[in-house]
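Residue numbers (the working numbering), protein chains in the order written: chain A, 10 to 301; chain B, 21 to 336.
Hint data in this document are derived by calculation from the structure and do not stem from the laboratory.
Wrong hints could be hidden among the right ones.
Unchecked claim - PhoX-like, lysine-lysine: derived pairs with alpha carbons at most 25 Å apart: (1) A/Lys108 / B/Lys302; (2) A/Lys196 / B/Lys302; (3) B/Lys302 / A/Lys191; (4) A/Lys171 / A/Lys142; (5) A/Lys108 / A/Lys287; (6) A/Lys287 / A/Lys253; (7) A/Lys143 / A/Lys91; (8) B/Lys148 / A/Lys201; (9) A/Lys197 / B/Lys302; (10) A/Lys91 / B/Lys302.
To be verified - Covered stretches of chain B (in silico footprint by chain A; criterion: 3 or more residues with CB under 8 Å from a CB of chain A, positions within the stretch not fixed): (11) 93 to 103; (12) 128 to 141; (13) 273 to 285.
Source: prediction; values computed, not measured.
Each residue gets a CB set at the ideal place from its N, CA and C atoms; glycine is no exception.
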Amino acid sequence: MKSFALFLMGFGMIVGMVTVAAAGDQDATIRAGGSTTLLPIMANCSSEFMEKYQTWDRLDAALPKSTTTVFVTGGGSGFGVKSLLSGVVDIGMVSRDLKDQEKKLLGEHQSYVVGKDAVAIAVNTRNPLAGRKKAFTAAELAAIFSGDIKSYQELDRSLPAKPVVLLTRDSGAGSTEIFQEKIMGEKKFSPKALQLPSQGALLEKLQTNSNAIAYISSGLALNNKNLKAFALENTAPTDDNVTKGVYPLARPLLMVVKGAPAPEVRHFVNYVLNSCQKIVVAHGYVPSRSVN
Amino acid sequence: MTVFSAGGNLFARSSSARSPFAGWEKSFEETLARLAFLVLLVAGFAGLLLALVMVAREAYPALVAPSGLWGLLVADPWEPLSQPARLGVRHAWLSTLAVTSIALAVAAPLGFGIGIFITEIAPSAIKKMLQPCLELLAGIPSVVYGFFGYVTLVPWFESTFEMATGESLLAAGLILAVMVLPFVASTSAEALSAVPFDVKEAALALGVNRCCMTLRVLVRHAAPGMFAALALGLARALGETLAVLMLAGNSLAVPASLLDRGQPITALIITELGEAGIGSPKQQALFAAALVLMVVIVSVNSVIGWLKRRMLHGRG
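Only chain B is shown next, with the shape it has when bound in the complex (with noise of 0.2 Å):
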C-alpha cells in the first residue's frame, strides 16, 4: 500500500510538467502496450483485493461468534487449550502496539536526521558511501537482526535490568528500529533531495542561514515524502515476524510494561497457525487477528495519504 502510494506522489509530480503519454504515437504498439499495463494492474489489484477478501472471508465467523470483536479484541485471553476455547488476541495487539512505537519513536528522528545529513551536510563522497550502505542495511534478512538482537540484547539486558531473562517488548522494539532505520532514511533522503533546487536558492538569497533553510523550508518542502517514509517504516514494523518473535518473548500474558515479554500479532500467527485444524475456531481467530493487522496497515496509510494531500493542498 505504503509503495503505491509513495509511487503515486512521484508520477503525479512528474506528469504535472506534461501528459504521461506526450511521446507516444498512435499505433498498433502503443495499443498493445496499453493493455499490457491494464491487465498487469488489474492483476496486482485483484491480488491484493483477493487476499484481502480471503482474510476477511476466514476471519468472519471469529467476529460474529457469541463472544464477537469485544471478545477477540479486549475481554478475553489466548487459551486455545481451555475449555471451551477462549481465544482473544488482546495481548497480541498491545504487544504489536509497543513494538511498533518503540521502533518508530527511536528510527524517525535518527533516520529523518540521516536524511537530512545525506542531502545537505555530507561532502559528496561520504554521501556516495553512505547510500549504499544503507541499501545494504535494508537488504538484511530479518532472522539475521533478530538473531543479533538475541545475542547481543538479550544477554545485555538480563545484566543491565537484572531480568530473569532478557526478551522483552524494549528488546523487539529496538532491533525494529534498526531494522526500520533505513527505510526510513533512504526515503526521506530521496525526498529532500527532490526539492527543487530554486527553492533553496531562494532561501539562500534571502539571507536565511543554511540551518534554517534546511529545517524551516527544505524539510518543509519534502514533509509529504518523509511522511510517506515514515509509512513506509511503520508497514515495515508491523508487518515484522521473525525478529520480534525471537525477541519479544513470545508469553501470552498483557504485557504492563515495555520490560514485560509480549508476543505480537505475527508472533502469535505464526506460533500458532501451523497446528490449527482447517476451519476450526483457533484458525478464525488467527485469521481475525490477521484481518485486524491488516486494517490497522490500510487505515495509517490512508490517514498518512489524507495528511500528504493536504499538506501538498495547503502549499498550493
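Isolated chain A, as found in the complex (with noise of 0.2 Å):
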C-alpha cells in the first residue's frame, strides 16, 4: 500500500518533470504512448537512445541541436491510438492489431511491428499431463480454463482424478486478453482461478505446483527446464512459429505514426527496431527479426 502511493508520487513528479521540460522545446520532443505491454521497452529503448545521442544533430546534422527528449507514456492501447488521433502522442504504441475503424479514422499512417508477445500454455513437469499430452485444441482449452474440466481425469479417463488448478493473469493484462479472444470466445474464466499479479509471479507459482496449468509468455515458458510447452492444434509456440505468423495465439507489439514520420520519429523507430531487439528479447517477447 505504502509502496504503492510512494510509486504514485514518484510516477507523478516525473511526469510533471517530463511535461514541464517538453513545453521547454516543443518541435524537438518525441511522444510515445499507449500499451502497458510496450511501456517497459519503450522505456528502457528511450534512456538508451537518448543517452547515446544527447543531442538532435549528433544523429543528423541537419536537425536541431537541442537535447534529445522521448518521453513515454502508459494508458493502453486504445488510449495509444485515441492520443496519436488527437495528435497528443506521435506515435502509438498499440499491443494488438489496429481495427478497421481505427485504420479508417488514422488515414494515412504507418505502423512497425517491434515484436511479438506470444502466449503459451505450459504445465509443470510434474504434472501428469506432462508426459502424456503434446498439443491442445482450443475447444478442449476453452473447456479447462472456463471450469467445465475440473480435474485431470475428466481430461483423459487414464489421468489421476487430481483437480485442475488454473493460473491466470488479470482481466487487464494483455495476454489474458489474447487468451479471451481466440480460445475462449464467449466463454468465461473459472471464478476459481488464481489471478497473478505479474508474469513473474506466474512462472514461481507454475513451477512449484504440479496441478497448475496456465497461460504464459512463450519465451518464459520455452526457456525454462521446469515448465512443459504445448502445441496449439499442432503447432509448436516457438519463434520461428511466432515470427512466420502461424502460431495463432500471438499479438503485434506495433508503434504507430499518423502521416509522414518526422526526421526524429524516423530515427528513433530505426533504433527501436534495430538496436532495440534486445530489451524486446530481455522482456520476454519474440523479435521482429532475429538478434545475435
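Two chains, each in its own frame: build the complex with the hints.
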C-alpha cells in the first residue's frame, strides 16, 4: 500500500518533470504513449537512445542542436490510438492489430512491428499431463479454463483424479486479452482461477505447483526446464512459428505513426527496430527480426 | 483514525490533572506556536477529508449506476471483460470480512495475553527483551510476511489438507494475525501499565489474589485502551494489501469456506486499478470498493470510540 503510494508520487513527479521539460523545447520532443506491454521496452529503449545521442544533431547534422527528448507514457493500446488521433503523441504504442475503424480514422499511417507477444500453454514437468499430451485444441482449452473440466481425469480417463488448478493473469493483462479473444470466445474464465499479478509471479507458481496449468509468455515457458509447453492445434509456440504468424496465440507489438514521420521520429523508430530488439527479447517477447 | 482516538484518550487523561496551557506564558512565541499547531491540525484534517471526498466523488457514478449499490455489493459478480461489464464486489468484501475476522479472532486473545504477560507476569529482564521484539515485528514490511507465508503456510496447507493449491482465506488470515499481533500486544500492554498503581494496591489490600486482580480489576480498568488496541489491529488488517494478495489466491469466486480462495478488496484494487482507464466504469467500481473499505473502517472506529466513551463514563 505504502510502496504503491510512493510509486504513484514518484511517477507523478517524473511525469510532471518530463512535461515541464517537454514544454521547454516543443519542436524536438518525441512523445510515445499507449500499451503498457510496450511501456517497459520503450522506456528502456528511449533512455538508451537519449543517452547515446544527447542532441539531435549528433544523429543527423541537418537536425537542430537541441536536447534529445523522448517522453514515453502508458495508458493502454486504446489510449495510444486515441492520443495519436488527437495529436497528443507522435508514436502510438499498440499491442494488438489495429481495428478497421481505427485504420479508417487514422487515414495515412505507418505501423512498425517492434516484436510479438506470444502466449504458450504450459504445465510443470511433474503435472500428470506433462508426459501424456503434446497438443491441445482450442475447444479443450476453453473447457479447461472455463472450469467445465475440473479434474485431469475428466480430460483423459487414464489420468489421476487430481483437480486442475488454473493460473491466469488479471483481466487487464494482454495475455488474458488474447486468450479470451482467440480461445475462450464467448466463454468466461472460471472464477476459481488464481489471478497472478505479474508474469514473474505466474512463473514462480507454475514451477512449484504440479496441479497447475497456465497461459504464460512463450519466452518464459520455452526457456525453462521445469516447464512443459504444449502445441496449440499442432503448432508449437516457437519463436519461428510466432514470427511467421503460424502460431495463433500471438499479437503484434506495434508503433503507429500518423501521416509521414518527422525525421526525428524516423530516427527513433529505426533505433527501436534495430538496436532495441535485444530489449524485446529481455522482456520475454519474440523479436520482429532475429537477434544475434 | 484509530491513532487519533487513542491519542485523544491519552491527552484527555493528562488534561484532567491540569490545563494543557498552564505552563505557557502569554507571549509572541506562544501565539506563534499556537498558530503553527492550528495550521498543522487543519492541514492534517483537510488532507484526510480531501482523500475521502475524492474517493467518494470517483465512486459516485458507480453508486448511482443502473445496477446501483445493490448490484455493486450483492447481486453482480466481477466480470470486467463480459459485454456489458459486470462490476460487483461481493466476493471482495466477503473475502475481506473473512480474513479480517480470522486475523482478529487469533490475534486478540493472543495479543491481550501477551499484554498481560508483559505488564504483570514477566520478570523485568524478559519484559525489557519482549517489548523491542514486538516493535521489531511491527516494523517488518508486509511483503516479507507475505513471502514467509507463501513459502511456509501454502505448501503446508497443500500437504496437510490435501489441497490442490494452498492459497486460501485461512492462510491469509493466519499471516494477517501474525502481522496484527504486535500492534494488539504492545498497545494493550501500554493500556494495562497505564492503570494507576493505587487501583492495584487497593485490590491487593482487599486480599484479592494476583490472578483475580489482573483479570477483574486491571483488565476492566484498561478495557478502553485494549479496545483501542483491537481497533488499531482491525484497521491494519483491513488495509493490508500485499500479504493477502499473495496468500488469498486472488480468485474471483465468492468464497464459501475458509479453505476457499478469495480476493480481499485491497487485492482487487491493486490487481485491477493499473489497467483501468481513467473515468471508466471499472475505475469507478474500484473507487466504490475503496469507499466501502473506508466507510467500514470509519464506522468500526466510531463504534469502538463510542463503546470506549461509554465505559469511561460508566466508571465515573
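With a C-beta cutoff of 8 Å, work out whether three or more residues of the stretch 273 to 285 of chain B approach chain A closely enough for the coverage to hold. Check passed, 4 qualifying residues.
How does the coverage statement for the stretch 128 to 141 of chain B fare against chain A, requiring three or more residues with Cβ below 8 Å from a Cβ of that chain? Result for this restraint: violated, n = 0.
Would the pair A/Lys197 and B/Lys302 pass a check requiring their Cα atoms to be no farther apart than 25 Å? holds, 18 Å
Would the pair A/Lys171 and A/Lys142 pass a check requiring their Cα atoms to be no farther apart than 25 Å? This hinted pair holds, its Cα atoms lying about 16 Å apart.
Restraint status (C-alpha distance of A/Lys108 to B/Lys302 at most 25 Å): holds, 23 Å
Hint check: A/Lys91 vs B/Lys302, CA-CA at most 25 Å. Holds or violated? The given pair, whose Cα atoms are some 19 Å apart, holds under the 25 Å limit.
What's the verdict on B/Lys302 and A/Lys191, does the C-alpha distance respect the 25 Å limit or exceed it? holds, 23 Å
Given hint A/Lys287 paired with A/Lys108 - CA-CA distance at most 25 Å: Between A/Lys108 and A/Lys287 the Cα gap is close to 28 Å, so the pair fails against 25 Å, i.e. violated.
Holds or violated: are the alpha carbons of A/Lys287 and A/Lys253 at most 25 Å from each other? With Cα atoms ~19 Å apart, A/Lys287 and A/Lys253 stay inside 25 Å; holds.
When you check the alpha-carbon spacing of A/Lys196 and B/Lys302, does it fall within 25 Å? holds, 20 Å
Checking C-beta pairs, does the stretch 93 to 103 of chain B have three or more residues closer than 8 Å to chain A? holds (count 5)
With a cut-off of 25 Å on the C-alpha distance, tell me whether A/Lys143 and A/Lys91 pass. Judged against 25 Å, a Cα distance of about 42 Å means the pair is violated.
Comparing the model with each numbered hint stated earlier shows that hints 5, 7, 8 and 12 do not hold.
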